[in-house]
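Novice: From first to last, the protein sequence lines stand for chains A and U.
The first sequence maps to residues 1 to 200 in our numbering.
The second sequence maps to residues 1001 to 1338 in our numbering.
Calculated from the structure, these hints are not laboratory results.
Backbone N, C-alpha and C define an ideal beta-carbon position, used for all residues, glycine too.
Do not rely on the hints blindly, as some may be mistaken.
To be verified - Result set (SDA-like, lysine to any residue): computed pairs, CA atoms no more than 20 angstroms apart in a straight line:
no., chain 1, residue 1, chain 2, residue 2
1, U, Lys1284, U, Gly1330
2, U, Lys1065, A, Glu51
3, U, Lys1229, U, Asp1254
4, U, Lys1305, U, Asp1254
5, U, Lys1065, A, Arg50
6, U, Lys1065, A, Glu55
7, U, Lys1065, A, Leu62
8, U, Lys1020, A, Ser166
9, U, Lys1065, A, Asp24
10, A, Lys185, U, Ser1036
11, U, Lys1065, A, Glu63
12, U, Lys1020, A, Glu163
13, U, Lys1020, A, Arg95
14, A, Lys185, U, His1038
To be verified - From the structure, some residues in chain U lie toward chain A, with a derived Cβ separation under 8 angstroms:
no., residue
15, Ala1015
16, Tyr1044
17, Ala1048
18, Pro1052
19, Leu1055
20, Thr1059
21, Pro1061
22, Glu1071
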Amino acid sequence: MDKASQYTTSMIDPALLARVMTGDQQAFSQLYDHSSTLLFTLAVRILGNREEAAELLQDVYLEVWRKVSRYDVGRGTPIAWLVTLTKSRAIDRLRARASRGYGSTNQLESETAAQMADPGPSPLETQADQELRSAVGTAVSGLPQAQQQAIALAYYEGLSHSEIASRLNQPLGTVKTRIKLGMSKLRESLQQWRNHGDLQ
Amino acid sequence: MTHEELEDSVPLYAAGALDKVERQALEAHLLSGCASCHSALKDYQSIAALLPLSLSPITPPRSLKARVMAERNPMPLPAVTEKKEPAKPSLEPGEWMEHLFPPVAPARSSSLPWALGFAALLILAVGGYVAWSLSTQRSIATSNIQQLETSLQEKSAKLADVSREVADQAKTLAELRNELEQRTIEATAVKEQLARREAELEDTRVELTQRNAARIGKTPQDELATLLKIPNVTAVSLTGSDMAKRAVGFLLYDARTQNAWLYSINLPESPPGTTYQLWAIHDKPVSIGTFNMDPGETSHLLTKKAPRFAAAKTFAVSLEPSGGRPQPTGPIFLLSRS
Chain A
1 MDKASQYTTS MIDPALLARV MTGDQQAFSQ LYDHSSTLLF TLAVRILGNR EEAAELLQDV
61 YLEVWRKVSR YDVGRGTPIA WLVTLTKSRA IDRLRARASR GYGSTNQLES ETAAQMADPG
121 PSPLETQADQ ELRSAVGTAV SGLPQAQQQA IALAYYEGLS HSEIASRLNQ PLGTVKTRIK
181 LGMSKLRESL QQWRNHGDLQ
Chain U
1001 MTHEELEDSV PLYAAGALDK VERQALEAHL LSGCASCHSA LKDYQSIAAL LPLSLSPITP
1061 PRSLKARVMA ERNPMPLPAV TEKKEPAKPS LEPGEWMEHL FPPVAPARSS SLPWALGFAA
1121 LLILAVGGYV AWSLSTQRSI ATSNIQQLET SLQEKSAKLA DVSREVADQA KTLAELRNEL
1181 EQRTIEATAV KEQLARREAE LEDTRVELTQ RNAARIGKTP QDELATLLKI PNVTAVSLTG
1241 SDMAKRAVGF LLYDARTQNA WLYSINLPES PPGTTYQLWA IHDKPVSIGT FNMDPGETSH
1301 LLTKKAPRFA AAKTFAVSLE PSGGRPQPTG PIFLLSRS
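Okay, chain U solo, but in the shape it has when bound:
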């Protein structure tokens, strides 16, 4: 609305003829400090307050004063709630005077309008400052809120990154832990396997030792040295017969293992189809085992189990047909001294 339109609406305002929107527009204009409209409103509202005087007076019932005087409280109570509150009270006592001005009376001080104008301007100035201050504070607060929101979003993004990193590291740690467990299991298995291998190796070593012991005759010095290391061994010497005068034999017997070793030297080559056979003779000859002397061989070691060897008193080696015989049938080549 233009100023002219607003100024035109002042008499309508004083008469109470403006609708709500127009009334608020004019009030806002008056609060903005328009002196001419303010002055006009003072005049028109003072006239409006006099209008009821144009009515023919009606005296209220006499009982009304008695009721009024009886119902009021002993003391004025400004803060007491009203007994009957209208649905939409248009004005409160005192509030209406913000825009209503009394008629210009001769008794009234001429400085009052100026004082009122100054007060209105002061109110407007303070109101404007407060509005500006509130607006500025609101802008600052809004800006701060936006900055805080931005900062919060950045922090949230960083937190999300850190969370993802932590999750990745946790996943990696879990994988490493699983791998470690698998490695530990594998290491245990390897260790067990190693233990088994060591056991096998030890067995192999023992077997090798036994085998070496079994093959001890191939090297006379070593074989003899090995035999002589056996404690409590019984040694029997055999002498060559007329069939082989240069031949000698040593028979060793270990009672603990019941093993017997015949170490024969310089026996002649056993012809094809024949074999040497060792006998233990107690009451009758008992075969201990057979062996052959290959061409060029000068010594031979025979190793056999001989459970009944301890009871024998005489030992002999005869040349028998291949496979041996239950009893001696061929010539004697070695014979112990009984």
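Looking at chain A on its own, in the form it has when it is part of the complex:
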């Protein structure tokens, strides 16, 4: 069985977006079903608040509906497009909130704890999704805690390496090295997983 056809979340068929471009509401509904859990999880992780994450996701899907014609399958998978769009909008909202003086550390911690306490998979998640999720989780958790932390601060909080160094009270070079090493290890781990999967 072809692996791509098994992925519903990680490998959304570009043809589904092509149908959305034509105004197909059923296709748009399917796109939501296959992506909303991952995007909502990402938004909650960044914003640390479910209500705000839901509000953000509502805007993101509306934007997807309106701007789906800009999607170019030659430049990336549908899920990569949706993840990057959601992450960008969430980081923008986070920075806007920070500029207004609101702190989010406590909320973030509580929501992160909630995430940890809510490991149940989505009803729509396929075995392929679970395998990929497991592989990524394993790769990330295999990183030293300092590297996980540095990557998470950059990826989920939108901090630059100098901001991370300041936040962690660490030398800038150390922070850069942590991120580089962490990303490099993730790359190697997932490449091995892909190769292993292909062999299977």
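For this one, chain A is given, so just place chain U on it according to the hints.
Specialist: Just chain U, lined up with the frame of chain A:
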């Protein structure tokens, strides 16, 4: 930044950890066509897109789908303005994919990376050509502008010279015009003066004529000719008495001017202390005037006004003491025939 530094920054770029300046530096490097960095970025960004899968999934509220489905428009509208625009959107849908590449999937065609690489190179080549073309056009345009500015400055200088020349000529013309007006005034004055002089000359000429007429006796022929030219003149002849038998006289009278001329010839010299006196005799003698005969003088012309001359019938010339007398007291030398 060196290539090694740029290559080192690729994982940081994929994780979103670069600051703005470094991010722009790497993007410029990638656009310059570095294949190794391009390839590395594809791998790292495909990994970054998978990171959310490491989070424990959270199911969105059921009401969210209903809200999303209810709020969207019937048809996708790519050009519609967003409902809530972030203050500084970091990426737009579609735009981010210029630097984000999907994970290498088994189902994906192996030719895709090559196609993407070729497309990137084509974009770079076209971009480079456009940049070079724009730069060249800009240089040409700048050069043209400089030439035009230089030409404009030269033309402006020439225009200023011409303006100064015109101003000078206008000034000269104004001066000439003033001079012409002064000359005209002077010419008018000269003309008036000339007219006055001509008038004076005419007066002088008339006076000279009169004076010549007054002195007509000095030349007997001319004086006689002048007297004879006067029209309607009355002529009276006088004859010498015994005191001067050879003496004769002609008396001419112009009634219009009431002038009388006595032209006497061959009267003897009037002795010192004496004078000849002409009388017009009507009821009683009336003196018309006195004259003297100088030594050697043979003729004499006496000119006088004689208002009552027309009534006289006899004329006589007597020798009287100097200054004349109211009535004749001396001997008669000339006498008219009554």
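Novice: Holds or violated: U/Thr1059 as interface residue toward chain A, Cβ cutoff 8 angstroms?
Specialist: OK, holds: U/Thr1059 within 8 angstroms of chain A, min 6 angstroms.
Novice: Just to be careful, I want the Cα atoms of U/Lys1229 and U/Asp1254 compared with a cutoff of 20 angstroms; is the pair within it?
Specialist: Holds, at about 11 angstroms.
Novice: Would the hint on U/Ala1015 stand, with a C-beta cut-off of 8 angstroms toward chain A?
Specialist: holds (5 angstroms)
Novice: Between A/Lys185 and U/Ser1036, is the straight-line Cα distance small enough, at 20 angstroms or below?
Specialist: holds (19 angstroms)
Novice: Please verify whether U/Lys1020 and A/Arg95 have alpha carbons no more than 20 angstroms apart.
Specialist: holds (15 angstroms)
Novice: Quick one, are U/Lys1065 and A/Glu63 close enough, alpha carbons at most 20 angstroms?
Specialist: Distance of about 14 angstroms is within 20 angstroms: holds.
Novice: Verify the interface restraint on U/Pro1052: the C-beta must sit less than 8 angstroms from at least one C-beta of chain A.
Specialist: Constraint on U/Pro1052 satisfied, holds at 4 angstroms.
Novice: Within 20 angstroms, alpha carbon to alpha carbon, are U/Lys1065 and A/Glu55?
Specialist: This hinted pair holds, its Cα atoms lying about 11 angstroms apart.
Novice: Starting from U/Lys1284, check that the Cα of U/Gly1330 is at most 20 angstroms away, please.
Specialist: Between U/Lys1284 and U/Gly1330 the Cα gap is close to 16 angstroms, so the pair holds against 20 angstroms.
Novice: With the threshold set at 20 angstroms, check whether the alpha-carbon distance from A/Lys185 to U/His1038 stays at or below it.
Specialist: holds (19 angstroms)
Novice: Taking the closest Cβ pair, is U/Pro1061 under 8 angstroms from chain A?
Specialist: Hint holds; U/Pro1061 Cβ to chain A Cβ min 6 angstroms, cut 8 angstroms.
Novice: Within a Cα-Cα threshold of 20 angstroms, do U/Lys1020 and A/Glu163 meet the stated pairing?
Specialist: holds (12 angstroms)
When held up to the earlier numbered hints, the structure conflicts with none and fits them all.
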